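Asks: Sequence:
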Amino acid sequence: METTKAFASCLLIFTTICCAFADDPDTLQDICVANLSSGIKVNGFTCKPDANVTAADFFFNGLAKPGLINSSFGSLVTGANVQKIPGLNTLGVSLARIDFAPGGLNPPHTHPRGTEVIFVLDGELDVGFITTANKLISKTVTKGDIFVFPKALVHFQKNNGDKPASVISSFNSQFPGTQSISLSLFAATPEVPDNVLTKAFQIGTKQVDKIKSRLAPKKT
Numbered sequence: 083m084e085t086t087k088a089f090a091s092c093l094l095i096f097t098t099i100c101c102a103f104a105d106d107p108d109t110l111q112d113i114c115v116a117n118l119s120s121g122i123k124v125n126g127f128t129c130k131p132d133a134n135v136t137a138a139d140f141f142f143n144g145l146a147k148p149g150l151i152n153s154s155f156g157s158l159v160t161g162a163n164v165q166k167i168p169g170l171n172t173l174g175v176s177l178a179r180i181d182f183a184p185g186g187l188n189p190p191h192t193h194p195r196g197t198e199v200i201f202v203l204d205g206e207l208d209v210g211f212i213t214t215a216n217k218l219i220s221k222t223v224t225k226g227d228i229f230v231f232p233k234a235l236v237h238f239q240k241n242n243g244d245k246p247a248s249v250i251s252s253f254n255s256q257f258p259g260t261q262s263i264s265l266s267l268f269a270a271t272p273e274v275p276d277n278v279l280t281k282a283f284q285i286g287t288k289q290v291d292k293i294k295s296r297l298a299p300k301k302t
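Each residue of the sequence shown is one higher than the one before, starting from 83 at the first, in this note's numbering.
For the record, the hints were derived by calculation from the structure and aren't laboratory data. Only a predicted model underlies this, so the values are computations on that prediction, with no experimental measurement involved. Quick reminder that beta carbons are idealized off the backbone N, C-alpha and C, glycines included.
Distance condition first, Cα-Cα at most 16 Å in a straight line; then the derived EDC-like pairs of lysine to aspartate or glutamate:
| no. | residue 1 | residue 2 |
| --- | --- | --- |
| 1 | Lys221 | Glu206 |
| 2 | Lys245 | Asp204 |
| 3 | Lys225 | Asp208 |
| 4 | Lys245 | Glu206 |
The following label-pair restraints were derived from C-beta to C-beta distances:
| no. | residue 1 | residue 2 | range |
| --- | --- | --- | --- |
| 5 | Asp227 | Val135 | 34 to 44 Å |
| 6 | Thr280 | Pro232 | 23 to 33 Å |
| 7 | Gln111 | Lys281 | 48 to 58 Å |
| 8 | Ser154 | Ala234 | 19 to 29 Å |
| 9 | Pro246 | Ala298 | 26 to 36 Å |
| 10 | Ala138 | Asp276 | 46 to 56 Å |
| 11 | Ala138 | Gln284 | 46 to 56 Å |
| 12 | Lys233 | Ala270 | 17 to 27 Å |
Work out the full structure, taking the sequences as your base and the hints as a guide.
Replies: So, in structure tokens, the structure goes:
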């Protein structure tokens, strides 16, 4: 019951914050439900005809329960953005849920199109972001706490406890994007040249190959 109340409270808080500080362009109509199947390329998504809009375009129940964590990092991000809720198109807001196994990490990454605000549902996390002056701003947060990650800055969340943890994330963008630092550099396609990585990180080619092998997508 307490978790349900906390979940409802955080959604109310995040809705208020995001609506006040939406970062995407302002909407020029009541609704513009994303036509995700359209082949037309625009900044966002084209609108579905109003006659085809239903309540399902504004509904998603994927954040209510913890997701199944099966990544090597020990965390799982479940997005509730315009790709899951087409009705968010042009509204400049979205959510996500992040679940952590004991010791789990949401590795250093950025959101190039949005500021992130997290609300801790359960557990204890060490969180932080790094400014462009290379200053680390970090804190330990627990159930009921809120922490802000400014737009486009590198940040992380780490569960250092022996119990699972989870947070709800709010963004002032319908599709904030996520760029993982390690995956971008060591698992890009085509690959970033080894001589760039060895020079940047002051390591040898064998170390680069070892990192790439660990981050390579698993074959199915």
